[in-house]
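Kindly generate the complete structure, drawing on both the sequences and the hints.
There are 2 protein chains.
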Amino acid sequence: MATLIAPSNHSPQEDAEALRKSFEGWGTDENTIIAILGHRTVHQRQQIRRAYEEIYQEDLVKRLESEIKGDFEKAVYRWILEPADRDAVLANVAIKSGKNYNVIVEIATINSPEELLAVRRAYLHRYKHSLEEDLAAHTTGPLRQLLVGLVTSFRYVGDEINPKLAQNEAEILHDAVKEKKSSYEEAIRVLTTRSKTQLRAAFNHYRGSQGVSISKKLVREEIDEFQKALYTAIGAINGPFRNLEKVVRKGFKKVGNDEEPLTRVVVTRAEKDLKILSGVFSKGKRGFFGHAIAKKILGGSQRFLSLFLGEEG
Amino acid sequence: MATLIAPSNHSPQEDAEALRKSFEGWGTDENTIIAILGHRTVHQRQQIRRAYEEIYQEDLVKRLESEIKGDFEKAVYRWILEPADRDAVLANVAIKSGKNYNVIVEIATINSPEELLAVRRAYLHRYKHSLEEDLAAHTTGPLRQLLVGLVTSFRYVGDEINPKLAQNEAEILHDAVKEKKSSYEEAIRVLTTRSKTQLRAAFNHYRGSQGVSISKKLVREEIDEFQKALYTAIGAINGPFRNLEKVVRKGFKKVGNDEEPLTRVVVTRAEKDLKILSGVFSKGKRGFFGHAIAKKILGGSQRFLSLFLGEEG
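First to last, the protein sequences are chains H and D. Numbering of the first sequence is given in the UniProt record's numbering, commencing with residue 1 and proceeding in unit increments. Numbering of the second sequence is given in the UniProt record's numbering, commencing with residue 1 and proceeding in unit increments.
Calculated directly from the structure, the hints in this document are not laboratory data. Just so you know, these numbers come straight off a predicted model, no measurement behind them. Among the clues, some could well be false.
Copies of the same chain look alike in the list, so a pair counts if it fits in one copy or across any two.
Derived pair list, reagent style BS3-like, types lysine-lysine, alpha-carbon separation capped at 27 Å [claimed, not checked]:
id : residue 1 : residue 2
1  : Lys254    : Lys96
2  : Lys285    : Lys217
3  : Lys99     : Lys164
Below you can see the structure in the form of C-alpha cells.
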C-alpha cells in the first residue's frame with residue numbers, strides 16, 4: 001500500500017539531465033527536483049544516482065546537498081537514499097544528538113530482522129564503525145543495554161510461541177513498567193531477544209491479567225531516557241502502526257517547526273504503508289493528513305512530502 | 001592451508017551408495033565411513049547428503065547418528081555439518097551444558113563478523129530461537145552482557161583505527177584484568193563493539209605501558225565464569241591461533257578421555273588452518289601432533305581425526 005506514484009518507464013539519463021539543468025543558473029529549480037524525485041521508486045532513484053554519476057562524474061546526493069538547504073534538503077536527502085542507508089543516517093544523527101533515541105528504537109523494532117541487519121551493514125559501510133559501537137560509546141547503564149540489545153538483535157521470525165514463557169515474561173514487563181528497577185535487566189533481556197510474536201503473546205497476557213493494554217500504561221510525562229526507550233520499544237513491537245501514528249500526532253502538536261519527525265515518518269513509510277497510516281490518522285476524512293502536513297510543513301518540503309500522500313493529499 | 005586430502009572428482013551418488021552399504025548387515029563398517037567422509041570437502045559432503053536423501057528418502061545425518069556412537073559419532077556428526085551449522089550446534093550444546101562458555105566466546109571472536117552472522121542464521125533455522133535469546137535466558141549479570149554482546153556483534157572489518165581510543169581503552173581493559181569490578185561494564189562495551197584491529201591496537205598499548213602482553217596476565221586458576229569468558233575473549237581476539245593452541249594443549253593435558261575440545265578444534269580447523277596449528281604445536285617435530293592425538297583419542301574417532309592432519313599424521 002504505497003502512496004508513491006511513479007511511472008513504470010522512465011529514463012534515468014533524462015532524469016539526470018533534467019536535474020542537472022535544475023541546478024544551473026541562478027538559484028535552483030526546486031519544482032523540477034520535486035517533480036522528478038518525488039515520483040520515482042527506490043530502485044529508480046538509485047538508477048538516477050548512477051546515471052548522474054556516469055554522465056557528470058559527480059555525486060548527485062552531494063550536489064543536492066549544496067543546492068538546497070534546510071528542511072527541504074533534509075527531506076530530499078533522506079528520500080534519495082536506499083531505506084537501509086537512510087536508517088543508518090537517521091540512527092547516526094540520533095546518536096550524535098544524544099537524544100531522540102526513540103528513532104533508534106523504531107529502526108530496531110519496526111524493521112524486520114533482515115531489514116535491521118541491512119541497516120547495520122549500511123552503517124558499517126558509511127561510518128567505518130558499527131552501529132552498536134557508536135551507540136554504546138554514547139550511552140551508559142540500562143539505556144545502553146536496552147538500545148544496544150535492540151539494534152544487535154536478530155530475532156526469530158515465525159509463529160512458534162511458548163505460552164508459559166509469555167505468562168512469566170508478562171510479569172517481568174509489568175514490574176518494569178511499574179518502574180521496579182530490579183526488574184529492568186530481565187525486562188531488557190526479554191525485549192531484546194524474544195521474537196515479536198512471542199512478545200505480543202506476553203503483551204496479551206498483560207492485558208488479560210491487568211485489564212489494560214501495556215501500551216496504555218506507558219502514557220506518562222516525566223520519564224528519563226531509559227524509560228522513554230523502554231516504552232517506545234514496547235509500543236513499537238506491540239503495534240508498529242499505532243506507534244507511527246503517535247509520532248505523527250506528536251509531530252503535529254509540537255510548537256515551532258521541527259519538521260524532523262513528520263518528514264521521517266512520511267519519507268520512510270511512503271513506499272510501504274503511508275496510505276494506511278494516513279487513512280487511520282484521518283479517520284476517513286479525505287485529505288485530512290495532507291492538510292495537516294500542509295499546515296505544519298512549509299515551502300519545498302511541503303510540496304515534496306505532499307506528493308507521497310497520493311490521492312489522500 | 002587445509003590438511004584435508006580430497007579427490008577433485010567424486011560421485012556423490014557412489015559415495016551415498018557406499019555409505020548405505022556400510023550401514024547394512026551386522027554392525028557398521030566404520031572404515032568405509034572414515035574413508036569416504038574423511039576425504040571430502042564441505043561442499044562434497046553436502047552433495048553426498050543431498051544424494052543420499054534423494055536415493056534413500058532418509059536423512060544421512062540421522063542415520064549416521066543411529067549407526068555410530070560416542071565420540072566417533074560426535075566427530076562425524078560435527079564434521080558432516082556445514083561450518084556455520086556446526087558452530088550453531090556447538091553453541092547450543094554449550095548453552096545447554098551451562099558451562100564451556102569459552103566455546104561460545106571462540107565462535108563469536110575467531111569467526112569473522114560475516115561468519116558469525118551465518119552461525120546466528122543457522123542457529124535460528126535449527127532451533128527456532130535466536131542464539132542470543134537462548135544464551136541470555138541461561139545467564140545473568142556481567143557474564144550475560146559479555147556473552148550476548150560478543151555473539152550479537154557485527155564489527156567493523158578494516159584497518160582504520162583510532163590510536164587515542166586504543167590508549168584510553170587499554171586502561172579500561174587493564175582495570176578489568178585487575179578485577180576492578182567497576183570497570184567491567186566499560187570493558188564489556190569495548191570488547192563487544194570495537195573492531196578486532198582497534199582492539200589489537202589497545203592490546204599493544206597495554207603491552208607498551210605494562211611491559212607484558214595482556215594475554216600473559218590472564219593465566220590464573222581460580223576464576224569465575226565471567227572472568228573465564230573475559231579472558232578467553234581477550235586471548236582469542238589478541239591471537240586466535242595461540243588461543244586454539246591453548247585449547248589443544250589443555251585437551252592433551254586433561255585427565256580422562258573428554259575428547260570434545262580436541263575433536264572440536266581438529267574438525268573446525270581441518271579445512272582452514274589445522275596444518276599451521278599442528279606445525280606450531282609440534283614445533284617442527286614431524287608427526288608430533290598426530291601422535292599426541294593418537295595417544296589421547298581412541299577407536300574410530302582417532303582414525304577419523306588423524307586423517308585431517310594430512311602429512312603430519
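Taking 27 Å as the upper bound on the Cα-Cα distance, should Lys99 and Lys164 be classified as within, between, both, or neither?
Close across copies (26 Å), not inside one copy (36 Å); limit 27 Å.
Up to 27 Å CA-CA - Lys96 versus Lys254, copy category:
Within. Shortest intra-copy distance 22 Å satisfies the 27 Å Cα cut-off; inter-copy 51 Å does not.
For Lys285 and Lys217, with the copy left unspecified, which applies at a CA distance of at most 27 Å: within, between, both, or neither?
neither (29 Å within a copy, 69 Å between copies)
The structure fails to meet hint 2 from the earlier list, while all remaining hints are met.
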